Amino acid sequence: MADVVILLDAYASVFGMRVRVALAEKGIKYEYREEDLRNKSQLLLKMNPVHKKIPVLIHNGKPVCESLIIVHYIDEVWKDKAPLLPSDPYQRAQARFWADFIDKKLYDAQKKIWTAKGEEQETAKKEFIEALKVLEGELGGKPYFMGERFGFLDIALITFYSWFHTYETLGNFSIEAECPKLISWAKRCMQKESVSKSLPDPKKVYEYILEMKKKLGVE
Amino acid sequence: MAQVTLLGFWPSPFVYRVIWALKLKGVDYEYVEEDVLYNKSERLLKYNPVHKKVPVLVHAGKPIAESTVILEYIEETWPQNPLLPKDPHGRALARFWTKFGEDKIPALFGFFMTEGEQQVRATKEGQEQLRILEEQGLGDKKFFGGDEIGMADLEFGWLAWWLEVLSEVSGVKVIEAESFPRLYAWIQRFKEFPTIKETLPDRSAMLTYFKGRRATFLALAKS
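Going down the list, the sequences are from chains A and B. Take any residue in the first sequence, count from 1 to its spot, add 10: that is its number in the working numbering. Take any residue in the second sequence, count from 1 to its spot, add 1430: that is its number in the working numbering.
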């Protein structure tokens, strides 16, 4: 029986992008459905009643929620192609630890860069760069976070790259100046079709954020 | 077999999740108490430089931090008495509820850190999340993991022992048999489960400790 895979997503979501990249890495055919987050579909509300958020992967009618949980799921179901997590338990633990770090430290800081002003924004910029520098240290001289192969942790972080132009413009700073090695890594990831085809145009993200700010009355 | 060491702090429910996992799987380990409030050891700072927190599991000299990451590691390294089902969708659900437990910590613990009007609101907020947990997470199952204790049961284990103490110390009742019948029943089953029952911190010591913590939080909030 053929698999029916649907992804409920929103094009600018760094979390949704993670799932797109994972699906592309595995060569999985799926139907992409764009959600209007101000007017959520009945399907989304039914498939993720607890959080009512995207991304949601619907596989043969059954929903899987939370981006990193979805990536784990994809890796476990389609295990014969392009493994996303390393096979060694300790390496897997490291990948999970750093993905958790990204979701805790990086996410909160980046949000304030485009929603806040003045001192609050400056503090957010500092925290954001600090977190990126710690991640850059973790990368070290490796081509990808877990070594020679692109995988789970690269997927967890690379999606934020589509937002860098937005952060830099609104925050008036250069991420490349602070974290050159990380930018090299990002450009290396972008050379992969699974990544470049899954991430939106950074300029489009910026326009989207400007519109969001207007609507939220944050300018 | 390689040495397993757990850096912990006796009143921490995060630490106890790891202890329960190790005990359920019959893994021998050395427990090391860390004075996390006043005097973190060089060893802790070396093994968890990013967060400087417990629990930290050290296996064959290699450290793993963050309780949910540690639980996944324990599950993969010692597969006996599994904490996750075999099927990917079941695993995704177990992980979903485990993450729910982590994400909702501020809402669930709010009642303990507040007083007066704020506490009334915080208690309601926490109970809303518990309602979702009871109806959609637990449902009619014996445990979150189904017939056996699983990862999500360990995540919410604090409800079975810590919540009562926190409630007493804060002067609010968060879960009662009438208001949360299924969670209440699960609580009784979980804390009576043999391995869990013999692995719980001393209640009166907890009362003293958490009374002190609440006083500290309230004082900080006022300053």
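Since the hints were made in silico from the structure, they are not lab data. From a predicted model like this one, the values you see are computed outputs, not experimental measurements. Note that beta-carbon positions come from the ideal geometry of N, C-alpha and C, so glycine has one too. Some hints could be false.
[Said to hold, decoys possible] Among chain A residues calculated to face chain B with C-beta under 10 Å, some are:
(1) Ala22
(2) Phe25
(3) Glu76
(4) Tyr100
(5) Ser204
[Stated by the list, open to error] Covered stretches of chain A, as calculated for chain B (at least 3 residues, CB under 8 Å):
(6) 82-92
(7) 106-118
[Said to hold, decoys possible] With beta-carbon atoms standing in for the labels, derived distance ranges:
(8) Gly1546(B) / Thr179(A): 43 to 51 Å
(9) Lys127(A) / Gly1491(B): 27 to 35 Å
(10) Glu188(A) / Asn1511(B): 40 to 48 Å
(11) Gly1601(B) / Leu47(A): 34 to 42 Å
(12) Glu188(A) / Gln1618(B): 20 to 28 Å
How the hints compare with the structure:
1. With a cut of 10 Å, the hint placing Ala22(A) at the interface with chain B is violated, because the nearest CB-to-CB distance is about 22 Å.
2. Restraint check, Phe25(A) versus chain B: the minimum CB separation of about 13 Å is more than 10 Å; hint violated.
3. The interface hint given for Glu76(A) holds, since its Cβ lies 6 Å from the closest Cβ of chain B, which is under the 10 Å cut-off.
4. A distance limit of 10 Å between C-beta atoms decides the matter here; for Tyr100(A) the minimum to chain B is near 6 Å, and the interface restraint holds.
5. A hinted interface residue such as Ser204(A) counts as satisfied when its beta carbon comes closer than 10 Å to some beta carbon of chain B; here the least separation is about 21 Å, so the hint is violated.
6. Only when three residues or more bring their CB closer than 8 Å to a CB of chain B does the claim for the segment 82-92 of chain A stand; here the count is 4, and the claim holds.
7. Note: the segment 106-118 of chain A has 4 residues with beta-carbon separation from chain B under 8 Å; the three-residue rule is met and the coverage holds.
8. Checked against the hint of 43 to 51 Å, the pair Gly1546(B) and Thr179(A) passes, with Cβ atoms roughly 44 Å apart.
9. As the Cβ distance of Lys127(A) to Gly1491(B) is approximately 47 Å, the hint placing it in 27 to 35 Å is violated.
10. Range check, Glu188(A) to Asn1511(B): Cβ separation about 47 Å, and the 40 to 48 Å hint holds.
11. A C-beta distance of roughly 40 Å is found between Gly1601(B) and Leu47(A), which places it inside the suggested range of 34 to 42 Å.
12. The given range of 20 to 28 Å is broken by Glu188(A) and Gln1618(B), whose C-beta atoms sit roughly 54 Å from each other.
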